[in-house]
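In order, the protein sequence lines correspond to chains A and B.
This note's numbering numbers the first residue of the first sequence as 3 and each following residue consecutively.
This note's numbering numbers the first residue of the second sequence as 28 and each following residue consecutively.
Since the hints were made in silico from the structure, they are not lab data.
Cβ coordinates follow ideal geometry from the N, Cα and C atoms, glycine included.
You may find that some hints are simply not true.
[To be verified] Some chain B residues near chain A, calculated using beta-carbon distances under 7 Å:
(1) Leu97
(2) Leu179
(3) Gly227
[Unchecked claim] Interface residues of chain A toward chain B, partial, derived using beta-carbon atoms under 10 Å:
(4) His54
(5) Leu71
(6) Leu128
(7) Val176
(8) Val178
(9) Arg188
(10) Glu192
(11) Ala194
(12) Glu200
(13) Ala209
(14) Ala211
(15) Gly215
(16) Val232
(17) Asp233
(18) Ile236
(19) Leu239
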Amino acid sequence: MSTTDRRVRETFVELADTLVDDYDVLGFLDLLADRVVELLDVDACGVVLVDHHGTLNLVAASTEETRLLELSQLQNSEGPCLDAFRTGRAMSLDDLSVDGDGRWPQFAPAARDAGFAAVHALPMRLREAVIGAMNLFSTRTGRLADESLALGQAMADVATIGILHERTIKHQEVVVGQLQSALDSRILVEQAKGVLAERLAISVDDAFALLRGHARSTNSKLREVAGAVVDGTITQLGHA
Amino acid sequence: MSAERLTDRVWGAIIERARAEGANPLVRHVLEACTEEVGAAGCALSMVGATGAHEPIVAVGEHCEELEELQFTLGQGPGVDAAVDDGMVLATDLAHERARRRWPVFAPAAAARGLRALFAFPVAAGAARVGILDVYRREPGDLGAADLATALAFADAMLVVVLDERGLVRSGTDQSRIGVLPERRAEVHQAAGMVSVQLGVGVSEALVRLRAYAYAHDRRLAEVAADVVARRLRFAPDRRGMTDTTSGNGMIDAPPNSDHDQPEGGA
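Chain A with its partners taken away, still in its complex shape (with noise of 0.2 Å):
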């Protein structure tokens, strides 16, 4: 079995380990978008997510750079993110700097600006439902293959599974509900971020990677660890 195959296995079975009853829907995401990256050799992995205004939000991201959030919010009017959102299918541009101005005037050069070359998103769909996207990015041109589209769909797939806790939703309330706390949750964590970012002296990226290694060292929910921050809980920070 090759490296990959033992790895796309034990990723699968890690997730798997993490869907249980009360669990932290953030630092779920957070670590399916790290697995992405390093099992579709990707550069960087965005999840984003549609609030009740047909907004799509960044939840989580493989890198907490502020340009991921920025190509995020950009796909709003436009992007591979928008399009696979409203059609439910992957959505690819194997090379930026080829008709990528044309396709996307405002997203392609802001995206090669970041140091991007190829991007793809992957629909997160459940059944008729589609309620966001995976975005991934590389700094090289090429398409993907049809096993890392195919493995990466699966691993979307997961992550709406993830989000919605079970496959056959029958009230669109819950899913609603669900979306809702997932969104909120992020919002905390956007606040924690600037109270840490204040308190600390050091960018909001690098307040997110104090905040997250605190939650997986303390074995934590990223959400409880951003409202303790907040709120003035908790005031020393595990290191990254």
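Add chain B to chain A, keeping to what the hints say.
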């Protein structure tokens, strides 16, 4: 529903009512507009007081004020649960056995007054928690996807209206001046976190100050937030205990007579 259409419809309904009274958008206008738009019997906003206790503030619709007060007197009900759980609570049938078990005094009281469903939504963004929006209906049953999205959008609008009331932001009835919070919200919330530390206040209050600053300087909230996160703009309490802003990277104290109109350097 696209992002534009829902937000526009919600704010359009709120502003129409405000305009009819020649007033700024108030909590009551949000409740009235929500009631009409989702076909409710009535709506109410309860807010978190200084002690952390919930108090009913404004209600529209028959029996709604009474039932709001009952919830908080009893410490029982969907609205109370929504506040404790920090998530929406959708009670689709208050006459049902399950509702009677969960809210043994409140549920029958509501059903007896002809209000069979209650949908409670936090009016909050992360740690910035302002209260709960309760939507009452006569008929039992699900809210439905469209009305649910609409109610959530009204909860968003309520947050803005309440924060603006606190910050004395008189955005008036010009819809283009009302910068809705969802816009570039990651940066807005990072800025709120930073400002909360700079001023030694809670995150809700920090949002109030950010909006008030943006309004006073006729700038978009998203731009002000970007400046705060990039550390081009700091908020600092001045010696008289009022807030002041300074620009640049240094910890410069503003001169004693400065006010919100102090020109800032840079962007």
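task = Could you tell me which of the hints above the structure violates, numbers in ascending order?
result = 1, 3, 6, 14, 15, 18 and 19
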